[in-house]
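Following the hints, complete the assembly by docking chains W, S and U onto the known chain C.
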Amino acid sequence: MAIIERPAPGTTVPALTPAAPAITPSRTYGALRRPVATTGWKSWLFTVDHKKLGLMYGATALFFFIVGGLEAVLIRLQLAAPDGKVLNADLYNQMFTMHATTMVFLFVMPMAAGFANYFVPLQIGARDVAFPRINAFGFWCLLAGGIVVNLAWFLGGAADGGWFMYAPNSGPVFSPSKGVDFWTLGLQIAGIASLTGAINLIVTVLNMRAPGMTLMKMPVFTWMITVVQFLLLFAVPVITVALFLLTFQRSFGAQFFDVAAGADPLLWQHLFWIFGHPEVYILILPSFGIISEVLPVFSRKPLFGYPFVVFSGAAIGFVGWGVWAHHMFASGLGPVSVAVFSLATMAIAVPTGVKIINWTLTMWGGKLVFTTAMKFAIGLVVLFTIGGLSGVTHSVAPSDTQQTDTYYIVAHFHYVLFGGAIFGIFSGFYYWWPKMFGKMLNERLGSWNFWLMVIGMNMTFGPMHILGLQGQPRRMYVWTEARAGEGFFNLGFWNLIASIGSLILTVGIGLFLINVVVTARSKVRAPLDPWNARSLEWMTSNPPKEHNFDSIPHVHHLDEFFHRKYEEDPTTHSMREVASAEDVLAELERNADQHIHMPSPSYWPLVLACGMPFVALGVIYSIPVAIAGGLIMLYALYGWALEPSTAPESDFDAPSSNGHAVGASHG
Amino acid sequence: MNHRSSNETPAVGRLSVARVKARRFGQCALVATGAIALLGSCATNAPQDTWQPKGPNAKMIDDLQQPVFAVAGIIGIIVSVAVAYVIWRYKDRGQPIPEQTHGKPALEITLTVIPALILAVVGVFTFRVIFDLARTDDTQLVINVTGQQWWWEYDYPVQNEWGITQPIISSGQLVMPAGTKVLLRETSRDVIHSYWIPALNGKRDAVPGRIHTLRLEADEPGIYAGQCTEFCGLSHANMRMEAVALSKEDFARWIANQQAAYQAPAEGTLAKEGEAVFLNQCVRCHQVDGLKRPDGTLAIAAPDENVWSGAAPNLTKLMTRNTFAGAMFDLLRDACRDDVWKADSAEFGVKYLAGVDEACLNVNDLRAWLRNAPEVKPMYANPALLTETNGKYRGMPNLGLSESDIDKLVAYLLTLK
Amino acid sequence: MVMTATQAQSATGSVAVSTSPLGAVARWVTLADHVRIGMSLALGAALWLAIAAVVGVVLGVERFDVGASVVNADAHIQLFSVHQFALVFGVAAPLMLGIALWSVPSQLHASNISLPRLAAFGWWAWLAGSITVLVSYLGNGGPGGGSERYVETYLLGLGLVMLGLVALAISLATTVLTRRNGLPLSAISLGAFSAVVGALGMVLTLPVAIGTIVYLWVDYTNARVAFGGAGLIDSWLGWTMREPQTLLYVAPALGVLGDAAVRTAKSRQPLRGVMLTAMGIAATVILSSVTQQAHVFTVGTSPSETLASFVPYALFNVVPLLAPVVVILLSLLALKAGTPSLSGAFVAAFLGVGMIFTGLVGSAAMHLDVLDLVGTVFGEAALVYVVYGAVLASIGAVALHAGAVTGKALPDLPVTLLALLGVAATVLASLPHYIAGLLDQPRAAAVGYDDSGIVGIANIATSLGHALMLLVLIAFIGLFVSSRRSAAIADRYRVEASA
Amino acid sequence: MFKVGSKLFLGLTGFAALTLVAYLIFVERLALGGVALSVVFAVLVGLSAVIIMINDGDSEVQPRDVSLVRASMWPLVTVVGFVLLILGLVVAQVYFIFGIVVVLAALTEWLVQAWSESASDDAAHNESARRRLLHPIEFPVIATLGLGVIIFAFSRIMLAISKSAGAVAFIVLSSLVLLVGAIVALRPALKSALVSGICVAGAVGIVVGGIAGQGAGLRTELAEAAAEGHFLHRECGEEKSKYFDKKAMKTISLRTNPVAIVELRGGVLSAIMTGFNEPQKIVSVPRGNPVTFIFRNFDDAERRMVASLGTAMAAGAETSTEKEGHSDSNETCTQLIPQGAEQALTVTYAKPSIAQEDPLTLTVPGVTGQAIEVVVP
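Chains as they are written, first to last, in the working numbering: chain C, 1 to 667; chain W, 1 to 417; chain S, 1 to 499; chain U, 1 to 377.
Please keep in mind that the hints were generated in silico from the structure rather than gathered at the bench. Hints may be right or wrong, so weigh each one.
Restricting the straight-line Cα-Cα distance to at most 35 Å, the calculated cross-link-like pairs of lysine-lysine (DSBU-like) are [what the hints assert, rightly or not]:
#1 W:104 to C:367
#2 W:104 to C:217
#3 W:181 to W:351
#4 C:523 to W:91
Which stretches of chain W does chain C cover? Using the computed rule of at least three CB atoms under 8 Å from a CB of chain C, they are [stated by the list, open to error]:
#5 74-84
#6 163-175
#7 202-208
Listed next, the stretches of chain W that the computed footprint assigns to chain C, with coverage defined by at least 3 CB atoms under 8 Å from CB atoms of chain C [unchecked claim]:
#8 124-138
#9 223-237
#10 241-254
#11 374-388
#12 409-415
Note that CB positions come from ideal geometry on N, CA and C, so glycine has one too.
Excised from the complex, chain C in its bound form (with noise of 0.2 Å):
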């Protein structure tokens, strides 16, 4: 990594004057020096700072939530009323498909990287993530993949056939249009992001760990997102090759999911699904994560059980592997397939079931601190069980082949992933709020949030538990009145529930944006420890200074800052305050490091992201332009390898006369 020195704020370094040739820099290299710029819009093109980094993610999951939820009220007004004319079947199925995609892909997965981004490396005390500079790369590729699926609502429609893509329904003969090309592209460049995420996560945890934190001291949440990045390096290659595969399919005429050519369609499913369902766990995890760091800070207890919730994580991650194929129960696998991975998937649902035992555990006999975030955390494990639950009643795979493709998976997903992964990341928001933005979030309209979407999600999704077994499929533009049952309460009235169910969620969430928006123009700041928390991200400032922490915390407990805050009275065993976090703070700042060395900014990943839209568009559009990109690229990379990796004073021209700036802007 590039590293530069630069004078830690507070302390009296002589300005740089370096005995440089007469030399200008700037004309040296032109546009190829080194970035420097830490304020303005140049400062975050070219940044790769981690909270930087996460911020954008967020900012960008933020937007593809908005996108996304917005795809999921049309879906509902379509289907409030028999035979809905909102939405043409066209125009529906891409619907359908996008939403999902937008959700998973472009939404949970990027806030969970941009919290992971944003926290690991501050929950286990280091100065950056290991590779700064992939760091970056992977928020390109994110938002450059991002930008690329949805370019096919303006260029012909976009993709229709179902997230899930099932081949040979995604061909070229039976999607014509561009979309489903848009989307094989634009996923294999976000697949991109999360498998450098992964990688670089991985790498930081394991050795940039503060001195004394060992892996068993290291918080739940940091814990968790280990296992996700984990579960990301082996599923992201298996859908990448899956894609790979589709779009050779449809751009170069290849034939692997071609049955007269001797392919066998279901080599896609079961590509897709050894991919999807660790994907599950790649969602839901990092909330368990949040909540497993939520619900100790308000019960003011530690984690009840804390190594049977990480062991438990780590087997959610290794058995996830192996029951890919429960989402395959009606495929035709065989009957000896189906009852291995039945009874796979049921194996599962232990470790599932040991974190809500424990959550549960952790308020048991705690003071319980009902804030915003302690609200969505509670909400978390009440509606997690019961998707959870109506998860296990699909691993019975006699009575899965009744409810698979019906409503009922739809209220069972969005329970695990609304109810579960959302729920998770809204405590996250309100939880570190302070910690990112110096700012509290207006608790009293973070409770309407809490409240309406509890009631909103219920509304919408409990209602179509029923609608699943009464045998309403899904994804159906339109369902029919002759099916539809009798009496008052038919699956009419549940459609409707379901679709103003929907409005108050949409509401709820509406707030939220509010919220952020009063809480932005709002001057209060937040106070340094707003929550009595417990783990070291919160033992620097709000928000954190550039370098994170001026010295690196020695770590002797797995609540180091709590233990920090308060001892222990050999006695009576109750807890007593003993230093406040403003003292801690002045504790490490008095300890400062004299030569902090951060990375350097670099144009490189934002050059080497830029050029794979050019290759997606050539690859669907003409491939001289697929060309171009790949050079973009290959130029970038090679940029980028032989990018000096120190960057040398000569690099770039000093940002100021004393070069004191740069370490000094967040001072």
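Then chains W, S and U, alone, in the frame of chain C:
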């Protein structure tokens, strides 16, 4: 719960009162945990209800899923209550910061083992049902089922024991004898579809290039609704099917009628003119077995030249079916339809075998379909957009028939029974 | 601006200073300094001059006797064509550009030319192009060739030659315009000035020719539907190889004479501005030769008709004469004003410009309708006068600048003698054809005329002239090489050059 | 304001204008000459403006003496590119494309070199700037070219030598690579010149071998198979090629879920189908659908299965026969397979059985009286 369902072998039988209650409880308990407290109004007799088995295969599934749902519901309630209790009990009322306990391994192991044991029990029963449902060695009747966008084709291979001496081909409605172990050999001509008659069995995907089997058996004569459940493109929502169970005698009658020779309409009738229109327009794709051209040669449809899947529904005995266009529309008008659907099992066979006559014909939908098929059912039939399929349709194109042609065609189609 | 040792070394023009043969090759293929480029061009031109002279000899012999033929009669048209190409694009243009590039920096006190790599590109392009053209002739190409593929090769090779010349001319013009070290344009040496005039003329006219070549090539690759084929190449591109366009190529010769006169007379150049203006006007007028028309003066039936015929004739044939006339007269004036001590350089330059003048006069005469010379061998003679005159002037230029450029001066007497011999060769190679032209011997043909009497003798005389020119060339190269080996350092020229 | 040079150029411009006017009046309008003179006039106007603007070049500050131009091979390479262009225009397009690539590459290198050399006054620094800009292009391009040549040459070697020799060559070569790698790894102090020398020698060896291989041509069986068209999997008549791999099953996935498994056992042909408890003599297959039969030969002779596609097939589209079958005949077949082997055959029947004059059958040549009837409803 477990013990009760495990004692019952999956067999044909009427629902006992106790089992009805158990099922209601399981279903509603789950819904209750979904925060919807409308306990009494869950079941509304939807035609595709997955909880109302009408045959032994579906019943096997049902017997398995009821206890599972019940257990799941109970656990859900326990967790919810526990959380509610914790919220109420340990709310911050100014109590001191509690002791920083890190867990009780014994408790946790116990709480891990209990669900594991429950699941192990469930697993044993699941195993048995999986293998029972996969049996193919006790088949009494084989029917080939082929899915395509967006309708199902049924063909009955030659099986002399059922009087099938020449292949029968049909679509829209699967006609089968009640109380008989029927095995579907499913495949597909284009994309993956999924065959699902909830009252008779779970679903099974129809995958191109593969032959998948699905056991069906209906206890009683009747019509059982189903729907394609694997997303199969534009008109997936409109790809429905109906399984018609007839008594064995009625089924034999049906077989005989299906194999009966083609009866050309009488000269000079409107239907005869309709036959000419059919020969002119429809026979390019739709086969009517025995139909002859004016020159005396057999009219052989060549859908492979016009339709991507290479097949269009065979219309030989169209009016013996109650539906058309992939079961999207009924051939019977509403009153007549209800008459058939709601007939009790004893009368059902007679009513069904009566077929469709002019009085009962759902003329509006049929005419709309003939007028412009892609308008009433979304299909890939826009000639400008067919480059990927070498100009071949997926679905039926707009034929641009005149109203008088449609009159003639309807008259002709009414003779196909 | 302090030069470090590294920089000084890199100024010598090679990455690694190596004495191995491989190093020499590496230095040569990566050349980027004016001395090497100029000398390469001059040597290349010398090779082409040898070819031209040999062809001239063959043609003279061939035309001695209409009936007999020493070479295949089918190749005649090719031979005439290759002779013309060799004289113009093989010799005149690259020779003058090369000599100018070689000498101009020293006249401007600049260390190198501008855009040296462009000049290097020009040299390589000219070399590759002229070889391509030669190959095309060998493969029955050329403007009248029978092999379509080689005709295309000829066109494209010619285009590459012109591209190279344009590149060289751009480099030369830019050097003079931007590297004057504070000298105003009016104060630079006449050599430099004439070089920029000629270079600008080429920059402005040759692209037109390149465009025409593209046009013709398209015609050729499309079954000749656009212009109708082979015979027309000459009529579309011929102007680039005839007077007065050739005066643009040889314009630097005029400056050589001016500079040589000043140095010989050890005086200031009188009426310098007049000379500059005359060169400029002449060049500007010549630029219009892209009209591709021979402007023949015909006395019309009415005065206005006569005037309409005369004005373009005068513009394109008479006005260009201004330049050599003014230069010659003012050079003589300078001699008169100063204290001359005749040098070889002056003699060669003076005689060379005289020959050019003779050629131009011949060209002007040819376009008088009354003389009825268009289409006769008269035109060939005019071209030989101009080109050989340029060769003589180049000898003068080398003699004049050798001291400043290489530090080794050429001995005066041999140069003078060679100049005189050169004049003899030139006159012998061309004057007989003036006469034969007046006697109606047709141009570019070895048949169709009466070879009895003076015409036959005239033709064989031209053979002698070309042969003699070949000798002069060899002798001068020998002289130049031997002078480089001598130890004498031309201090005198150094001092004067920097004065 | 106006110095001599400016005056001169202004005068020239004026004269050019006059010439143009005179030409237009006296010679002809709208001719090429008029256009040319207009261009001359315009260019002179531009040049005059430049001369006036730069104050006749008589400025106080001299332009920096950039005579320190380093040697460059790019002008020559550019010209080579142009020659290739000419060659391409005259001879073959491939040279033209290559020429364009060479010209563009050379111009790029040239431009960047020129830019970098004037970037600063420190030559070393300039060189590093150039490297930073161009190495990202040069390295991959050169590496790709180099690897491409090596791979191509190696493939020529492998195609030329016999199968067993190919294996030996592969083993020897990989052992050598391993050996050299091991030596380098064990002796890190090895001179880099030596290592690169070994690599270059190896590369040159492969290239030379490749050239030799190209000269030698394909090895016998490949040449035979190519001549017999076996790369197209054509074999339905009586021909028996020893160059064919008879045990190939095309793909694994074909084994799963065939419509029927056709067995030849003891001279009896029977179809085994899921759902039917007894072997069948009639197979019902859907129309217009690619269906797969698997043929298993338990006979001790080499056998093949032939599927007759019916008369209506002959007029049908060729897409309806399996790709490896003869599209111009109305039957398709498996390869001849030995005892115990099995082969898949994928067939599409476009027309129903009733459209056929003769029954659609699956038969085995040489086994009389045995046929499976295929019914297409």
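Hints and how they fare:
For the hint linking residue 104 (chain W) to residue 367 (chain C), the alpha-carbon distance of about 19 Å falls within 35 Å, and the restraint holds. Only pairs whose Cα atoms come within 35 Å are accepted, and residue 104 (chain W) paired with residue 217 (chain C) is accepted, the gap being roughly 18 Å. With a C-alpha separation of about 24 Å, the suggested pairing of residue 181 (chain W) with residue 351 (chain W) holds against the 35 Å cut-off. A C-alpha spacing of about 31 Å is found between residue 523 (chain C) and residue 91 (chain W), which places the hinted pair at or below 35 Å, so the restraint holds.
Counting residues of the segment 74-84 of chain W whose beta carbon lies closer than 8 Å to any beta carbon of chain C gives 6, which reaches the threshold of three, so the coverage claim holds. Requiring three or more residues with a Cβ within less than 8 Å of a Cβ of chain C, the coverage given for the segment 163-175 of chain W is violated, as only 0 such residues are present. Beta-carbon proximity to chain C at under 8 Å applies to 6 residues in the segment 202-208 of chain W; the threshold of 3 is reached and the given coverage holds. By the rule of at least three residues with a Cβ nearer than 8 Å to a Cβ of chain C, the coverage given for the segment 124-138 of chain W holds, with 7 such residues.
Counting residues of the segment 223-237 of chain W whose C-beta sits closer than 8 Å to any C-beta of chain C gives 12, which meets the bar of three, so the coverage hint holds. Counting residues of the segment 241-254 of chain W whose C-beta lies closer than 8 Å to any C-beta of chain C gives 0; at least three are required, and the coverage claim is violated. Proximity of the segment 374-388 of chain W to chain C, defined as three or more residues with a beta carbon under 8 Å from a beta carbon of that chain, is established by the 5 residues found. Only residues whose beta carbon comes within less than 8 Å of a beta carbon in chain C count, and the segment 409-415 of chain W has 0; fewer than three means the coverage is violated.
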